[in-house]
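Enquirer: Given next are the chains, with one letter for each unit.
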Amino acid sequence: MDRRTEDRVPVVQVKNLTIDIPMDEGVLTPVRGVSFSIHEGETLGLVGESGCGKSLTSKAILGINDKKCRTGGEILFSEADHVLDLLKLKYGSEEIRKIRGERASMIFQEPMVAFHPMYTIGAQINECTRLHITSDKVKSKEITLDMMKRVGIANAEKRYDQYPHEFSGGMLQRALIAMALVCRPALLIADEPTTALDVTIQAQILELMKSLQKEFDMSILFITHDLGVVANMCDRVAVMYLGKIVEEASVREIYKNPKHPYTKGLIGSVHKVGTHNQSKLFSIDGTVPLALNLPKRCGFYERCSSRIEGVCNRLEPGRTMLDDDHSVNCFLYDKENIHG
Amino acid sequence: MIPTVLIISFVVFFIIQLPPGDYVSSYIAKMSAEGEIFTQEMIDEMRAEYGLDRPWYIQYFYWMMDILFHGDFGYSFSYLRPVWDVIMDRLGLTIAVSLITMAFTYLVSLPIGIYSANHQYSVGDYLFTFIGFLGMAAPNFLLAIILMYASYVWTGTPYIGLFSQEMLQNGIHLYNFGEFLKRLIIPVIVIGTSGTCGVIRTVRAQMLDEQSKQYTLTARAKGVSERKITYKYCLRAAINPVVSGLSNSLSSIFTGSTISAIVMNLAIQGPVLYTALKNQDMYLAGTILLVQAVLIVIGTLLSDIALGLLDPRIRFEQQKED
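Chain order of the listed sequences is A and B.
In my numbering, each residue carries its 1-based index in the first sequence increased by 1.
In my numbering, each residue carries its 1-based index in the second sequence increased by 20.
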């Protein structure tokens, strides 16, 4: 399928998103100006280490971050006839709740704790159906059961009345997908949906997501730190580091032609099957710094092996377009602004 | 369950007779202080009459036999009546006071706990926390005295005890029931506040814990309203420890509070147990303690059943064991 992005409408456009969390020690800035857009039917991979702000970014779309998070920027969501800035909606207001679960929904890393232990799986999925589709008990149960069957839950009628502890991890993830997709949302946010699962189950879940994506023609924001999964699932990749997107390109481009030193490091740290060299995997020194009182410089400066002294520790790199489909935030490719 | 209760009864009896002396010796000490003179024969005679000259395990054996086969819990030396009659005398009132107090405790603390959790670190949260701790830390009898004093100053009526003179003479009827309820206010507040803070803290901590759970986020992500999240998701899971806390309340319903009851002159079971222990009125004290123990066991059973009804995971494990 042609995934050229220009001729497609973006389902969601995140523009210069910032998230601040006031704390006793100062203001934490885990997300510092993130912009991306996801087009219809497209899968965007958001890749980065733990703590780089990818989960907060995704939760900001649904407005389900903690109340003490302060957000800035715009999140434009395309409805049939108008565009809605999700950040303008009040926390927990009816408008944002109409988006959640119905137009954009989310699946989570740990399916084992994503369901309330005291209600049956069916009731919890059905709650979503009844909130957004129909309040008719018989009809909604039909829709729910149908979705449970579609995600591959065998014996759905019996499973409907079972509790989460009677499900296996993989089955729970299927149930969670059923809950997220029961209203046929335009956007699915998948926050590391396979990290907590066995490898064999992982593959099944990914296949399931891909086939359902095609069937429902939805867009996916796929958050992960697993580059193997990205190659399998995504059309485009945005690499995030310390609250910023440092490189964005198509999957092929990212793997074949990574530009940012951080992306190069990430790709280099993946073991390639079939290569016979016994050399050690590459690893990036250090850890992501805490996003508290950050100095004005490139966030990756301390860990970067090709840093330019006097530039990278003095200025913050902006976005440089390498071609239509590949952008990077790095002074190595931004000769003009080095002295600016 | 039955072995547990039997063992408890044995231990209770053993401990009650442990202090040196018995009812006769404490009775004689009291009477001697008032100038009565007893000869050794009189003392021995009294002991034999009460059956206190036999070793304690024989006494225990006869006591248990009477309970099991005749439903006879023994004789209260100081009331000069069967133990069971003494207990029944005050049972109704004790249960009434305790139940109203319990209702007060939960009616006040559940909403406050939920509010505090939903508005963590707000002015209201701090205020309720402060009041709650004050209620827990201030000795109940002090609060009782202050409230009784305040009520006297403001209304001119000394609200001491649950009955007015007039009620004691004519009994409680519809026309003076209002007065009786008025007299209940202070005891309920005094006895209730001590438990209230504990429940507030439990509910608050549980609710906060639930709010950071993944399933709360899932619920929010599918568009459930905040109100429904609080009551349907968080409270449902947070209520468990509160329910298991109920297992102890059955026995406290039976006894009621002791020190506050003495201060406020309430005719409930607590003070009876207190004086019975003081006077070594062993069958009375033993019976009250035994009934308490039985009620704790029953209470635990009931709260387990309630938890099973509330929480499918517990139900599930029970089925597996069968």
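Hints should not be assumed to be uniformly reliable.
Unchecked claim - According to the in silico footprint, chain B covers these stretches of chain A (three or more CB under 8 angstroms from chain B):
hint	region
1	31-44
2	128-134
To be verified - Non-contacting residues of chain B with respect to chain A, defined by C-beta distances greater than 12 angstroms in every case (computed):
hint	residue
3	LEU72
4	MET122
5	SER214
By construction, these hints were calculated from the structure, which means they are not laboratory data.
No residue lacks a Cβ here, since even glycine has one placed at the ideal position from N, Cα and C.
Enquirer: All hints are to be evaluated individually against the structure, with a verdict given for each.
Expert: Hint-by-hint comparison with the structure:
1. Counting residues of the region 31-44 of chain A whose beta-carbon sits less than 8 angstroms from any beta-carbon of chain B gives 0, not enough to reach three: the coverage restraint is violated.
2. Only when three residues or more bring their CB closer than 8 angstroms to a CB of chain B does the claim for the region 128-134 of chain A stand; here the count is 4, and the claim holds.
3. With a minimum CB-CB distance of about 56 angstroms to chain A, LEU72/B clears the 12 angstroms threshold, and the non-interface call stands.
4. For MET122/B, the non-interface assignment is confirmed: its Cβ lies about 25 angstroms from the closest Cβ of chain A, beyond the 12 angstroms cut-off.
5. With a cut of 12 angstroms on Cβ distances, SER214/B stays outside the contact zone with chain A, its closest approach being about 31 angstroms.
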